[in-house]
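Visitor: Sequence:
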Amino acid sequence: MSQQVRVAVVGTGPWWGRQHAIAFSTRTDVRLCAVVGRTRPRTEERAAEFGVPGYVDVDDMLDREKPDLVAVCLPNEGHFEPTLRIIRAGFPLLVEKPLVFDLDQADQLLAEAAGRGLFFAINFNHRYAKPVQLAREAVDAGALGRLTFATWRFGGEAGTSAHRHANLIETQCHGLDMLEHLCGPISSVMAQMTDVTDRGCSTLSVALRFENGAVGSLLGTYDSSYSYPDTHRLELNGLDGRVVVEDTVRRYTFTPAGHEISSVWQAGYFNDRERHFHATFDRHLDAMLPAFAAGEPPPVPATAGRRALRLAHRIIDSFETGTRVDTPRD
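Letter 284 of the sequence shown, counting from 1, is numbered 284 in my numbering, and no numbers are missing.
In short, the hints are calculated from the structure, not lab data. Computed from a prediction, not measured in an experiment: that's the story for all the values here. Each residue gets a CB set at the ideal place from its N, CA and C atoms; glycine is no exception. The reader is advised that the hints may include incorrect statements.
[Said to hold, decoys possible] FRET-style restraints, in silico, Cβ to Cβ:
{"no.": "1", "residue 1": "Phe149", "residue 2": "Asp330", "range": "23 to 33 Å"}
{"no.": "2", "residue 1": "Arg233", "residue 2": "Thr28", "range": "18 to 28 Å"}
{"no.": "3", "residue 1": "Pro41", "residue 2": "Gly159", "range": "27 to 37 Å"}
{"no.": "4", "residue 1": "Ser227", "residue 2": "Thr160", "range": "15 to 25 Å"}
{"no.": "5", "residue 1": "Asp230", "residue 2": "Ala141", "range": "23 to 33 Å"}
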């Protein structure tokens, strides 16, 4: 591997495809070497924007460019086939969430990557928001004491996925990953969902129980708006204190039990980076790329995507059966 990691981005969409290209093209430890798109006009436009070769065939790009790492950020329901092709060609990769929608497909990707000893990471970038990092530090330091409950609420507009449970699988996967990241494994779930808008189960509420005895809730929707203030809220409550994270990157508040004075973090006047949501991806790369260069496992492995998908499917089982469903780790 060269001194700079040569990265190819598969996906030329205006949202994460472009953000990946921006992130990789502006780092000193990376050289963006190619982009791959599904249509020639958009691919040529993105390639010209970043001054790199553009391809409309993944295999052709892999054969010609031989990148050190491939970043996959395609439409959510189109992840499986290109990811499998890259794995079978033997290239390390970083994929956008969700891993896939189907558990059998997830297991196949993981098994084939493991069989080749490939670096296989997933971009659960919410973990790298400054308020979330502060929340993790507070939990690890014991500042909250024994955890008693956790709440995640996140809602906005629907994307382009047609899957009946798109909101749960492709968006609330962040919440499932985050709650386990902060509170430990979820041991059981019980769900309610609605399709009142005739767009699948676009709003859902899930009661959670954690292995440590705490309980929790997850409320997710595609029947809201990302323009609303406080569209995302995360609360962790323990016997000794409470943490609240507002809008992922906007504000962190810690309040000790029995006190009326809180400690608050929010980005200052000159700190644009910490209030910028896409900077969470940059911070993930700050952790991931050194691990990749050192031959170490990714800080957020693709198995985390499989775990979030497993939890989502158990939530669906709970809704369809009207029962509480156990969610053991496997």
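Visitor: A separate judgement is required for each hint: does it hold in the structure or not?
Guide: A quick look at each hint next to the structure:
| no. | hint | verdict |
| --- | --- | --- |
| 1 | Phe149 with Asp330: 23 to 33 Å | 25 Å, holds |
| 2 | Arg233 with Thr28: 18 to 28 Å | 36 Å, violated |
| 3 | Pro41 with Gly159: 27 to 37 Å | 22 Å, violated |
| 4 | Ser227 with Thr160: 15 to 25 Å | 19 Å, holds |
| 5 | Asp230 with Ala141: 23 to 33 Å | 26 Å, holds |
This entry does not satisfy hints 2 and 3, going by the numbered hints stated previously.
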